[in-house]
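Trainee: Residue strings, one per chain:
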Amino acid sequence: MPPTRTPVSDTLAGAGRGVAVTLTNLHRSYGPVRALDGLTLDIAPGEFVALLGPSGCGKTTALRVLAGLDDADSGRVEVGGKDITSVPTSARDMGMVFQAYSLFPHMTARQNVEFGLQLRRIPTARRRKRVAEMLDLVELSDHAERYAHQMSGGQQQRIALARALAIEPQVLLLDEPLSALDAKVRVQLRDEIRRIQLEVGTTTLFVTHDQEEALAVADRVGVMRAGNLEQLASPQDLYARPATAFVADFVGLTNRLQAIAEGDHAVLLGTSVPLLPGSAQRGPVLVLIRPESIEVTADPTGRATVVSASFLGSTARLHAVTESGETVVAQIDNDSVATFHPGDKVTLVPRPNPALAVAAAE
Amino acid sequence: MAPIGRKPVGALLGVLPFFAYTTIFLGIPTLIVVVGAFLDGNGHPTFGNLSALTQPQIVAAFIHSTVLSAVTAVLGAVLGALLAYAVSTAREGGLMRRLVASLCGVLAQFGGVTLAFAFIATFSSQGFLTLWLQKYGMDLADSNWLYEPYKGLVLVYTYFQIPLMLIVFLPAVEGLRPQWREATESLGGSTWNYWRHVAGPILAPSFIGAMLLLFTNAFSAYATAAALISQGSPIIPLQIGGTLSSEVILGQENVGKAMALGMVAIVAVVMTLYVVLERRTTKWLGS
Amino acid sequence: MSLHATRRRRQASFRWAVVGVIGLFFALPIVAMVEFTTRAPGGGRTLDTWATLFNFSLIDADYPELKHGVLASAGLTLVTVTIMLVMLVPTMTWVRLRLPGLRRLVEFICLLPLTIPAIVLVVGLAPVYAWVAYFLGESSLWLALAYVILVLPYAYRALDAGLGAIDVKTLAESARSLGAGWPTVMWRIILPNVRTAVLSAAFLSVALVLGEFTIASLFSRDNLQVAINLLGKRDSSLAIAAALAFMILAFVVLLAMSFVGSGRRSNRPEEN
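Protein chains in written order, with our numbering: chain A, 117 to 478; chain B, 15 to 301; chain C, 1452 to 1723.
Quick caveat, the hints were computed from the structure, so don't treat them as lab data. This structure is a prediction, so every number in the text was calculated from the model and none was measured. Each statement offered as a hint is correct.
Each computed DSSO-like pair below joins lysine-lysine, with the alpha-carbon atoms no more than 27 Å apart:
#1 Lys149/B / Lys165/B
#2 Lys1518/C / Lys1684/C
#3 Lys297/B / Lys1620/C
#4 Lys165/B / Lys1684/C
Let the sequences and hints guide you as you build the complete structure.
Mentor: Quick look at the structure:
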């Protein structure tokens, strides 16, 4: 449904509204558990950074330390060049959206959005105008008088976003805002959030455990593990040039196939594959190669055997076993699925895209 | 499974025992009270019992009961809410919480004889506190104050009102999500803002509802006063109890039923308000 | 730097202060009871009263009314809890499964005793109990029939919470599709899954029955509280000791129950 939206007002539009955020060497322990282990992160003004990682990696802790809801044991938090490490949450001027229970249950959507403005004693006329603009921005103007329990999860999160942005915060913080929603709503809403963020231009930190989500919306993605960043890069770089095996495994699907490394390339399935910097360079290695980087050809003299072919809608995958007994997942055209049957012989040829290799012992 | 639309007569048999039992032991007694309030000693319809309710000592008893219940409801609600909030900040599953919750579970039910005796042990002429204060030159002058509705009874009733408040109100306090406090802070609100605009309004219906429940509880209480007071019947439950004893004049028993009806009417109004308030809160806190 | 540590410390001191002061208020009468029951004639402390209380043969001989009261209440708790469970659990499950339209009505009936307090119930029960006495005899045990009504609100709440937490429909349907008859479904499928709620309802009932005085005394029957009250007129010290003893017993039982309940925490998603 193509929305008809009124043009963004000048209180909202604008690049350069955002400020720079710097987290320096943050440490935070809960007893024996190290939630943050020397985390350092720079976010440029107006940038949208996603923190991605498994449960317990410290991404939410990092967000909460930035928000002021948690104290770091040591390290510095700077926003717009100012050190705000000891500033209480209420003085930090940040908008926050939570995973669940975002909205105040006893207030209507309008009252929720208004709340921050009331606390700042914005005069009534300006307040009303701003609330109307925000509700318009998230396209829920006709739900203004509804309560949280009368709205769907997606709608609640949109109101929460409106509430956070109403106060024109320096930084927007999103703590897994889509994790509690249905799959379809998740996809729609993440695009909405990105669209709004681009319009308003606020520096944003977005925490999620869903790698597809992070890749889809962020300018840069930081993969975290055990309290620190494994890699901070654009989604394309993260995907095509992972710095570590953890990143290669966590982001997208990866095969781990045996090969012999010879300096800057490795011989895999009879083909020479260039290696990414950071790879093991000598001896037996495991090459981390993506399904779409393996070409499949039906070939009666081929050395690999088809196990199964799955149709996934826009794409398809083939599972095969090599002579040496390794399982390979390769991407194939979705209209060729029917041509591959279990037991067929195929030839697998890696494409010349650079891949990461790790020592075989890992 | 029976298809939807067909009246499951066989299924109704399953709930027959329940309905039969409650009819005999709850329905019929209620009916007896309601109908009997309008019958005289010979079984003829009359409003005489209702007009008997206007006798001075009965009116006084209703007033005493109402005021006593209201005062202890407010006291119990405020102190109990404070206690509930304090306990809610303790670690979940920790010792303090368990201790307090179990203690309150016991104290809320153990009014009556045990409570009366506890207070006699404390405040009577031979009581622990009385003797202890005497050592310091303070005399609790007339130790009969314990048996007066507005002094002793208030103190004694509070003893089971506060635990009841904790049991009823603690779930509501625990229903306050940390995200609401954090959202308030990130929007620039102070602790005062939080209580004034968020936590206060959210808890208000539960608080008032719990207070109404406390009122009902005190209003209906019989055992404690019965064990404490041997002379006279200053409150309604005791008056009703009096009509059941063998010393009562024949024909007076139906006045007891009228009193009971009056009691039920007052309590029913309060309980309806409570249910209405509870429905509203579950909508908010349940989401 | 630790704003939150400060707030947590402030919360902790507030917590201790409030619990402390209110705790003192509640401790006072209990301390008084202990003090009262350990007074020796001519000053000093003695455990004589308590020794008497636990000297069962002496109680049997000199204070038979106490013994009768204790036994009566023990029997009453058993009968009340049994009737309550046998009647409520199947009924509530059945309503959830087959007669959801009746749910509101059942709830209303179960919560009605909050509005029809014991003192009012007694007035209306007198004729009913005349029939009970005619058919079943004068034993105090039949007070249980009225006690079940008194515990209905508390038992209903506990069981409703327990049944609401499990998917009764799916459990019953799976069992039935595997060929189980209704008694099997109730006893072997539903009941084990609402164990905590059943225990909770049972213990709440125990607390209520042990503390009940109104109906028993107005019907001139025996029970624990009536016996203690009677005893009070004769030997106040012993009566107070008995009252305190049973209160402590109920407290220990409830405390133990709170540990049993916590073992069945629902699966919580892993915290980040």
